[in-house]
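2 protein chains.
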Amino acid sequence: MTINSIPSTQLRLTSNITSAGKLILSLETIPVPEPAEHEVLVRIEAAPINPSDLALLVGPADISTLQASGTQDNPTITMDVPESLLKPMAKRLDTPMPVGNEAAGVVVTAGAKASHLLGKTVGIAGGDMYCQYRCIPATNCLVMNEGTTAKEAASCFVNPLTSLSMVETMRMENHKALVHTAAASNLGQMLVKICQADDVPLVNIVRNEQQVAILKQLGAQYICNSSSPDFMQSLVTALIETGATLAFDAIGGGKLASQILTAMEIAINHDAKEYSRYGSSVHKQVYVYGGLDLSPIVLNRAFGMAWGVGGWLLTPFITRMGMERFLQLRQRVANEINTTFASHYTQEISLAETLNKEIILGYTKQATGEKYLITPQK
Amino acid sequence: MTINSIPSTQLRLTSNITSAGKLILSLETIPVPEPAEHEVLVRIEAAPINPSDLALLVGPADISTLQASGTQDNPTITMDVPESLLKPMAKRLDTPMPVGNEAAGVVVTAGAKASHLLGKTVGIAGGDMYCQYRCIPATNCLVMNEGTTAKEAASCFVNPLTSLSMVETMRMENHKALVHTAAASNLGQMLVKICQADDVPLVNIVRNEQQVAILKQLGAQYICNSSSPDFMQSLVTALIETGATLAFDAIGGGKLASQILTAMEIAINHDAKEYSRYGSSVHKQVYVYGGLDLSPIVLNRAFGMAWGVGGWLLTPFITRMGMERFLQLRQRVANEINTTFASHYTQEISLAETLNKEIILGYTKQATGEKYLITPQK
Chain A
1 MTINSIPSTQ
11 LRLTSNITSA
21 GKLILSLETI
31 PVPEPAEHEV
41 LVRIEAAPIN
51 PSDLALLVGP
61 ADISTLQASG
71 TQDNPTITMD
81 VPESLLKPMA
91 KRLDTPMPVG
101 NEAAGVVVTA
111 GAKASHLLGK
121 TVGIAGGDMY
131 CQYRCIPATN
141 CLVMNEGTTA
151 KEAASCFVNP
161 LTSLSMVETM
171 RMENHKALVH
181 TAAASNLGQM
191 LVKICQADDV
201 PLVNIVRNEQ
211 QVAILKQLGA
221 QYICNSSSPD
231 FMQSLVTALI
241 ETGATLAFDA
251 IGGGKLASQI
261 LTAMEIAINH
271 DAKEYSRYGS
281 SVHKQVYVYG
291 GLDLSPIVLN
301 RAFGMAWGVG
311 GWLLTPFITR
321 MGMERFLQLR
331 QRVANEINTT
341 FASHYTQEIS
351 LAETLNKEII
361 LGYTKQATGE
371 KYLITPQK
Chain B
1 MTINSIPSTQ
11 LRLTSNITSA
21 GKLILSLETI
31 PVPEPAEHEV
41 LVRIEAAPIN
51 PSDLALLVGP
61 ADISTLQASG
71 TQDNPTITMD
81 VPESLLKPMA
91 KRLDTPMPVG
101 NEAAGVVVTA
111 GAKASHLLGK
121 TVGIAGGDMY
131 CQYRCIPATN
141 CLVMNEGTTA
151 KEAASCFVNP
161 LTSLSMVETM
171 RMENHKALVH
181 TAAASNLGQM
191 LVKICQADDV
201 PLVNIVRNEQ
211 QVAILKQLGA
221 QYICNSSSPD
231 FMQSLVTALI
241 ETGATLAFDA
251 IGGGKLASQI
261 LTAMEIAINH
271 DAKEYSRYGS
281 SVHKQVYVYG
291 GLDLSPIVLN
301 RAFGMAWGVG
311 GWLLTPFITR
321 MGMERFLQLR
331 QRVANEINTT
341 FASHYTQEIS
351 LAETLNKEII
361 LGYTKQATGE
371 KYLITPQK
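Chains A and B, in that order, are what the protein sequence lines are.
One point on numbering: in this note's numbering, the residue at position 43 of the first sequence is 43, and numbering is uninterrupted.
One point on numbering: in this note's numbering, the residue at position 66 of the second sequence is 66, and numbering is uninterrupted.
Be careful, since some hints might not be right.
It does not matter which identical chain is used: a pair holds within one copy or between any two.
[To be verified] The calculated DSSO-like cross-link candidates involving lysine-lysine, where the alpha carbons are at most 27 Å apart (straight line), are:
1) Lys273 <-> Lys87
2) Lys273 <-> Lys193
3) Lys273 <-> Lys91
4) Lys151 <-> Lys378
None of these hints come from the bench; they were simulated from the model.
Please model the entire structure based on the sequences and the hints provided.
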């Protein structure tokens, strides 16, 4: 079944790293697919550019070498990839990769066993979202409540489910409070609201006063500014009050993870009576889920032996929490898409504009408060 | 019940860090304790100096400032502790700390419910072992088989149970092979023998050709020399062949943990067909259990998102594996104390000699192949 008229071809954005060391971004024209029995075809109305999209879109390319060519409607962007960074890319060389982690749109065609979704506004995730029509299994659709628009639903997967899963991780691993870095981000603001609603103490670490102000306005209780001279002291105080022993770190480079573990250890030992040569026996964990700083992580190990630092990704965590709980979280996102999980965009751009030089320079800055929304039907 | 005559007082070695920033090592004369109902009194015959003892014994003190005073029989050692390192020591300041993780000796007095141990040679652990008589619960004694001497049993806890527990950790966390650093150490040699007996592939990382030779003589199959220019290549090859995704690292400073994770990721992706922007989904883990290099750990994150680095200690792991399994491992140690778990000492010293300047300079070097045994009855 189909509603509206569906074109036979569509545009899709791809990123290709060539073995000659060039990254090429362009739009390709491809057929609109037909959904199978359990699938739906979604007309993509809106897709955000998240930090996690940039890894595939721009990856290791040197933005300062960006060259634009082609026409306004069919632009091509070329950048150099430093030779030393080509090797980890070996498996993707000379293969145009579709891009885009999540999007939202309207189901315009449905397979025989997915017709209940026809006409619904849905959020979807799974890559290849920077296109105009996307075929996907019906079970992968986050069905929005009546009245929710595709633009409102565009960011319903990555940030909402990541922030909810941080709180889930905290519960599963027996911590009682959280630390979050780059905490004024779109995701960070969602986490503040979730923790307020769920009564979870949250220590927010930000990098400047502007970000402090954003979180104060949301009513965040613990805000520590890492640029402030009393950062460590304020962090220790917040950790003593909250008892947080789990941190999610979006930055992932430099000394911040080490500082967090050290402050946790000081807070834990605050009331200790006896010296322990191995430090406290309380496990302290930092999960790195982003890479805003790609420099090495430097751990000074002033935090005993009960510690861990590791990578954290949403997808394997979903497997770990199980489908039943995941569906509960998805429903919460649908119900709170305009409150807890509301996203704000500073610019709406077409697929062609996504390959505009000035716009690329804008969204690759990853500045707090700036977020781009691709509207591929424009 | 008591065998032999027991003196009323004994010598005990203590380490005291004063609030004035001095570390003082000395011998104190204390009463010989009386065992309670479930306890035994062990006459300590032999106690090794392990790297893990040095943290408490010498800790943050600056060895180059070492000053000896007192008499030959009642020596006192003083060293400066840099002021910046005093703060983490706050809880132990001005409190003489007894030292020594493990020892072996003969049960010379037993409480009413522990008399079955009277006259037995036992290995014991739990701190405060650098003394002449130690009271301890009977259940904490690792009872040696007939014919085993106290010197043979002296190192029956720390290295044997740590190396056995590394293999246990591997099994519990679903890895199929191990990487070990500083692999020519006393502990590393035990691990080589355990892995040979248990058919566990083991990749040994050492730092020089002398250590390569030690492990070759033991029949170790995979030996990678981190000083060699082809280190990374040989490590990747060994990881492809073994499939090891778990490493135990005694060094804990510098780039080695990062290199191991990177080599694991390269090995895992060796046969991968597709590019994954997040790296492989196979979890790669490095547990840091020692601190031969106290400089920061530097992680370059060229190994995807499925990774962890963390501290590892024997004691919490024993709780995790459970008492039943722990007792099985203890019995294996008793049975194999002169084969798999044989330790060799380069020097036997009395308690007073433990506080001799030249000897301190010797055992604090932590040189491979050099191991000191304290014989407190001398």
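Each hint tested on the structure:
1. In this assembly of identical chains, the alpha carbons of Lys273 and Lys87 lie at most 27 Å apart only when taken from different copies (15 Å versus 52 Å within one copy).
2. Taking the closest pair of Cα atoms, Lys273 and Lys193 never come within 27 Å of each other, the shortest separation being 37 Å inside a single copy and 41 Å across copies.
3. Within a single copy, Lys273 and Lys91 get their C-alpha atoms only as close as 55 Å, which misses the 27 Å cut-off; across copies the closest is 7 Å, which meets it.
4. Taking the shortest alpha-carbon separations for Lys151 and Lys378, only the intra-copy value of 13 Å comes in at or below 27 Å, while the best inter-copy value is 82 Å.
When each numbered hint is compared with the structure, a violation occurs for hint 2 only.
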